[in-house]
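Combine the two chains into a complex, taking the hints into account.
Protein sequences, first through last, are from chains A and B. Whatever position you read off the first sequence (first residue = 1), add 657 for this note's numbering. Whatever position you read off the second sequence (first residue = 1), add 10 for this note's numbering.
Please note that the accuracy of each hint is not assured.
[Unchecked claim] Each computed DSSO-like pair below joins lysine-lysine, with the alpha-carbon atoms no more than 30 Å apart:
#1 A/LYS877 - B/LYS124
#2 B/LYS109 - A/LYS1013
#3 A/LYS768 - B/LYS109
#4 A/LYS768 - B/LYS100
#5 A/LYS1013 - B/LYS120
#6 B/LYS324 - B/LYS204
[As the list claims (entries may be wrong)] Ranges of calculated distance between the beta carbons of each label pair, as one might list FRET restraints:
#7 B/GLY246 - A/GLN913: 47 to 57 Å
#8 A/ILE914 - B/ARG170: 37 to 47 Å
#9 A/HIS760 - B/GLN98: 50 to 60 Å
#10 A/THR973 - B/ALA323: 52 to 62 Å
#11 A/HIS888 - B/SER206: 41 to 51 Å
Hints in this document: simulated from the structure, not taken from any laboratory. Every value quoted in this text rests on a predicted model; they were computed, and no experiment measured them. Glycine residues also receive a C-beta, built at the ideal position from the N, C-alpha and C atoms.
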Amino acid sequence: MKYRYSQHGSQASQQVVKKVLLGLSVLFCLAFGQRLSGDWPAEQPVATLNQPAAVVTTAEAGQPENGQFVQDPPRRSAFLPDFSAGLRHSNQRSNFFMLRAFHDAVGESWKSTVQLTSGGEQVAFGAIVDSDGWIVTKASELPASGNVFCRLYDGTEHEADLVETLSDLDLALLQIEREHLPVVCWDASAIPDRGRWLATTDVRAGVPSAVGVVSAGAQKVDQASAVLGVHLVDSAQGAAVTLVLPGSGAEEAGLQIGDSIYNVNGHEVYTREAFLAAVRGGVGGQVVKLSVNRADRKFETYGRLMDLADELLDETEMEVNGRISARATGFQRVFLHDTVLEPNQCGGPLVNTDGKVVGLNIARAGRVCSYALPADVVQPAVEKLIEQAKLVSKTVEPESNLRPIR
Amino acid sequence: MPLSPTRPRPEAYERQRGLDRQANILWKTCGTLALLVAVLCQPALAQPSGAAAAQERTTRKPITAGSSSRPEGATYVALGNGLQDVFQGKEPSTLEELKALELQQSLVAKAIEKVTVNVQQGSAQGSGVIISADGYVLTAAHVAGGADRPATVVLSDGTRVRARTLGMNRDKDAGLLQILDQREGGWPHATLGKSSELKVGQWCIASGHPGGWKAARGAAIRVGRILSISRNRDDGEAHTLFTDCALIGGDSGGPLFTLEGKLIGVHSRIGTDVVDNMHVPIDVFATSWDRMARKEVWGVLPGFQPVIGVVGAKRDERPVISSVMAGGPADRAGILAGDLVLSVDGVKITTFEELRLAVQASTPGDIMLLVVQRGEDVLRMPVTIGVAEQ
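Chain B on its own, in the form it takes in the complex (with noise of 0.2 Å):
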C-alpha cells in the first residue's frame, strides 16, 4: 500500500518569513559517467565564464557511462564487508554488522558534506547537491523559485560562489542550477545512483541545511530507510520515495544517498508526522534533464498553487478587487473590496485576468507588490503571495 502522506507539506512556507530553508538537488543516474562529463566540459571550460559559457554547458547533458569497476564522483564508499544483507534492506542482526553499517554511515556523511551545498534564491533559502565537475547542482523545483534567476550557493567551507538557476519540473518538485564559476579541477561532486533499483527497506542517508546555514553546523546528517516508492500508474516509473529521514524546512533541495554513497534523491516535502518525508527519485532528473538544461519551467508543484486570496470579475474592464478572502494574504496585506489594482510588480496591468496570470506564475513566498487605487489614495502594498488550499 503506498503511504499516504498525511497533509504533503511543501517546506517553503519560511518563505513567507524570509527564513531560510530548502532546496535540493537532483540528478539523473546512470552510474558512472564521469569520464565523459569531464570530456564534454573541457571547451565549456576553456571559454570565458559567463552566460554565454553557462548556456552551452547546460545543453551538454551529463550522461552515464557504462559501469566502471568504481563509480565515478567524490562520494562513492565501496560496501564494508558483510554488510550485503544490510544493504539490501535488513536491519543488522549481530554488533559486528551495527558497527559496519555505522562505520559505513559515517563514511558516507564525511564524504557527501563536501556536495551538499545550501542555496540561496531570493528570500528562499534551501539545500541542493553538486553533481558534475562543472557545477551542476540539483535541487527542489519549490527552492530554485524560477527559470534563469541569479541565486548564491554556500559551499560546505562557507564559501559562497554565483549561480544561475536553470529549469524545473514542477510537476516532480525537480529543479536544476548550475554554478558559474569554474573551479580548478572542477566541482567536488555526487556520484550518482539509480532510483529504479532501490528496494524498500534500503538503508539512505540524508544531507541538507535544516533551517538554513549555519556556520557553526555545517550540512546536518540523518539515517533512516526508504519506506515506500510511489510510481505512475501508466510507466511505472518513480516519482516520490518516501524515507524516515526526518526533514525540515531548509532541506528542500538536499541529497539523499545510499549506503554505498550514490545519490539517489533530493528533498522535496513532509508530512506533518516525523516519518513522513519524501524525496524526488534521481531517475526523475534525468528524464527531465534535457529540458531543465533548456531552462525549460512546466507543471505545477503538489500543494504550491500561488494565491493571494482575492476575488475578482474576469470580464470586468478594470481589475477591481470585489472581495478578499478573510484571512489570506490580500487580507494581511491589508488590500480591501474594491481596490482598483494598478500595476504588479511595476507592471501596469489592465484586467483581472492579468493579475490572476502574475500571482499563477509567482511562487509562494514570493513579495508582490501591488499598487492599488482606493479612492483619491494610491497605495503600495506588499503581498506575501500564500499556498492554495488543498
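In isolation and in its complexed conformation, chain A is listed as follows (with noise of 0.2 Å):
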C-alpha cells in the first residue's frame, strides 16, 4: 500500500499508527488504518517545523499540504514496515516499544544530531562536534549541487555551508550560522564488545531513528573500484547495456537493457573498453552524465557511481542487500552493526546505552550490515579540520576555502 505523508513526521506518525495497532483491536485497524497511516495529523513535532518557502519551491518529488512538505512515495525503512506488515512483524526487534525503551538511554545526546535535506528530502544525519555551528556528516550523501538544509533538535532550520571534506573518511565539515549549540559527547575509549546496543538518533525528541547491536569490532575495508551498474557488451551504437543492477546508479539514472551509452562525462564511448575507462578512477557517490541512445532517441542522464564490493555485483545479491551506500567501501578503521539504515540515514552520531556517542554511522554496507567510524577516529580528526577551518576562515575571504563536494 502506499503512503503519502508528511516526510518529517513520517516515522512518528507511523509510529503511532503502530501504536494504535497494537492497542486496538484488529477490526478497528482494518477498518481505520488506511486513513490513520495516510492522514494523521500533524500533531507530532512536525508541526513545530518551519519549512522554508525556498525548499518548498524547489522540491520537485512532492506538493505541499497543510503547509507541510510531502514525498511520495515513501523510502520504505526496515525497521519501520508498512501498514500491512504491521501486524506480523509486531515483534520486530526495532516495534515502537523497543525504540522507546530507548528514550533514557539516549537521554540528552539525540540534541547534537542533525537533519540534513536537500530539495525537501533528507539526504544525511549529522552531528554537532562544535558549538559555533559545526558539523560533521557523511561527505558522500551530500548533493552535488543545490543548497543543503540542517534542521536542529530545536525545529529551527540553517543553510549548511560546506567547509571542507576529508576523502579518506568520508566525512564533510558543514558550518551553519547558530552558537551555544549542544555539543556531542564522545566515548571514544572503546569500541563497545559486540552484541552491545547502539542508537542511531534523530533529530525528533524521545526515541531514535533505528537501534542495532554491534556485530564485530574495528577493521579495514578495502576500497572496490566504483561502478555504474551495468553490463556491457560493445554495439553499432555505443556500448550497449545487457543489464542493470538494481540499487544501482544505472538503475536511479533510469537505464533499461538495450540503451546504448555513447557518452560519459563529455567523453564519447563507442566500446565496452571506453566506457571501462571513462568511469576507472570514479570514486563512490560521484555523479557521471550519461548521454543515451534508446531506440534511436537520443537523451541525458545522470549516474550515481557506487563502490560495490565484489560480492554485490549481481543482481540477486543487490535485491536481497538493499540500498546500499554509493560510498561503502575503503575505510581504515570502522566497526560493524547490524542496524537497518537507509543510506540517507548515514552521517549522524551513533549512542550507545549510556548516552556516550561511540561512533558515526558511515556507510550502509549491504543486509545485515552498517559501518561506523569509531569515535577514536572521528573526534581527532574533526578537531583537526575545525582547527584549520577557524584558522583559514580567519585569515582568507570566505569564498576561496569553499570548495567543490567532489
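In C-alpha cells:
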C-alpha cells in the first residue's frame, strides 16, 4: 500500500499508527488503518517545523499539504514496515516499544544530531561537533549541487555551508550560523563489545531512528572500484546495456536493457572498454553525465557511481541487500553493527546505552551490516578540521575556502 | 498468520561465483547431555582418528540427559537478574532492563564465538556450529552439498581442520558434518536448546560468517526476535523459524541462540525483505539425527531444484539436446541445440534420462563438466548448475 505523508513526521506517524494497531483491535485497524496512515494529523513535532519557502519551491518530488511537504512514495525503512506488515511484525526488535525503551538511554544526546535535507528530502544525519555551528556528516551523501539545509533539535532550520571534506574518512565539515549548540559527547575509550546496543539518534525527541547491536570490532574495509552498475557489450550505437543492477546508479539513472551509452562526462565512448576507461578512477558517490541512445532516441541522464564490493555485483545480491551507500568501501578503521539503515540515515551519531557517542554511521554496506567510524577516529580528525577551518576563515576570504564536494 | 516469506531465496547462489557463504549447524535439542556424550565418545577417541573412527562415532547419537542444574556446553549463560520478562519475549521497559539485556547479549555473543565455524565444501562456503566434544558440526544441507564429502572447518581463531560431511535432510535444509581431527579436552561446543519451547517474540542471537571467512572480522553477531514459527500441519512440529536477525550468503548453517546461549536453530534462507530470515529449528536435527549420521540424503531443498536448462527427448537413444533455455546455465556455458552429450563429469552417458539424473543429483552452484559432440568437434563445457524457477 502507498502512503503519503509529510516527510518529517512520517516515522512518528507510523509509530502512532503502530501504537494504535497494537492497542486496539484488529478490526478497528483494518477498518481505519488506511485513513490513519494516510492523513494522521500533524500533531507530531512536525507541526513545529518551519519549512523554508525556498525548499518548497525547489522540491520536485512532492507537493505542499497542510503547509508540509510530502514525499511520495516514501522510502520504506525496514525497521518500520509498511502498514500491511504491521501486524505480522509487531514483535520486531525495532518496534515502537523497543525504540521507546531507548528514550532514557539516549537521554539528551539526541540533541546534537542534525538532519540534513536538500530539495525537501533527507540526505543524511549529521553530528554537532562544535558549539559554534560546526557539523560533521557523511560527505558522499551530500548533493553535488543545490543548497543543504540543517534541521536542529529545536526544529529550526539553517542553510549549511560546506567547509571541508576528508575523503579518506568520507567526512564533510559543514557550518551553520548558530552558536551555543549542544555538542556530541564522544566516548572514544573503546569500541563497545559485540552484542551491545547502539542507537542511531534522530532530531526528534524521545526515540532514535533505528537501533542495532555491534556485530564485529574494528577493521579495515578495502576500497572497491566505483561502478555504474551495468553490464555492457559493444554495439554499433555505443556500449549497449545488457544488465542493470537493481539499486545501482544505473537504475537510478533510468537506464534500461538495450540502451546504448555513447558519452560519459563529455567523453565519447563507443565501446565497452572506452566506457570502463571513462568510469575508471571515479569514486563512490560521484555523479557522471551519460548520453544515451534508446531506440534511436537520444537523451542525457545522470548516474551515481557506487564502489560496490565484488560480492554485490549480482542482481540477486543487490535485491536482497537493499539500498547501499554509494561510498561503502575504503575505510581504514570501522566497526560493524546490524542496525538497518537507509543510506540517507548515515552521517549521524551512534549512541550507546550510556548516552555517549561511540561512533558515526558512515555507510550502509549491505543487508547485515552498517559501518561506523569509531569515536577515536572521528574525534581527532574533526578537531583538526575545525582548527584548520577556523584558522582559514580568519585569514582568507570566505569564498576561497568553499570547495566543491567532489 | 504464518509469515510467508517473499520468495524464499536459498543463500547458496554464491556458489555460482565461487564466493564464500553459508553453512549452518544444527542439533538436537534435549537440553543437556554432555555427560552422556562425553562417555559415549571415549572409545571413539581412543581409536586412531580416521574414516573408521568417524564412521563409528557417527552411529552414536549425542542425546540428552536429564536436565541438571547447569546445561552442558560452552555457550550457556545464566539469565541475568530482572530479565525474566524480556526473556519471555517482552521489550525492555526500563533502562535497567535494557542494560541487563545488552549485557546478556554481549556475554552470549562472546560465548558463541568459539563454537561458530566457517564451513568450506567444494566451491561453497557457509557457517556451522560445533555441538559436541567429538566434533559434530551442524550446518545447512545446501552448505554441506552432499554426503560423505571432504570439507574444511575454519575455527574462530582461524585454525583449519579437516571434516567430512555426513547426511542431510534436504526437505528441511538440515545438514551434518564431523570434524575428523580430535582435540584434547574435546571441541568447544554449543549448549543445546529445544525449539519446541520457543515463543514468538523471544529474543535471539545469530552468528555466522556473512560473505565467507574474513580473518579480521570473525563471526558477526546479530540480535533479533522470533517473528513466527511455521509448523507441520500433521504433527505440529516446527519446521522453520522466522526472525529479524538479518542474514546473508555465508551465514547459512550458522547458529541461532536464545538469550541463555542455547542453540535453537541453524540459518537456512532469506526473503528479499531484511526481516525475512529463516532458520531450521534445532528439533529438526534431533528427529533427523539417526539418518543423517548414517550419511543418508533425502528430500529436496525448497527452492533448490538443480537445473541446467536443456530439453531433450526422454526416449531418444542418444542424449541429444533438442533445445536450450535462453539465459539458462547451459546457454551461458555455450551449449547449443543439437549437441550430443558424451559424458558428465567424466562418466559416459548414453541417454537423456541419465543426464537428467546426473543434474538432479547435483547441487546448484556446482560446476558440472559436460563433454559434447558438435558436428566433428568434441567440446568440454563446464556448466554451472542453476536453480529451477519456482
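Cross-check of the supplied hints:
no., hint, verdict
1, A/LYS877 - B/LYS124, "22 Å, holds"
2, B/LYS109 - A/LYS1013, "14 Å, holds"
3, A/LYS768 - B/LYS109, "22 Å, holds"
4, A/LYS768 - B/LYS100, "28 Å, holds"
5, A/LYS1013 - B/LYS120, "23 Å, holds"
6, B/LYS324 - B/LYS204, "47 Å, violated"
7, B/GLY246 - A/GLN913: 47 to 57 Å, "49 Å, holds"
8, A/ILE914 - B/ARG170: 37 to 47 Å, "43 Å, holds"
9, A/HIS760 - B/GLN98: 50 to 60 Å, "22 Å, violated"
10, A/THR973 - B/ALA323: 52 to 62 Å, "33 Å, violated"
11, A/HIS888 - B/SER206: 41 to 51 Å, "48 Å, holds"
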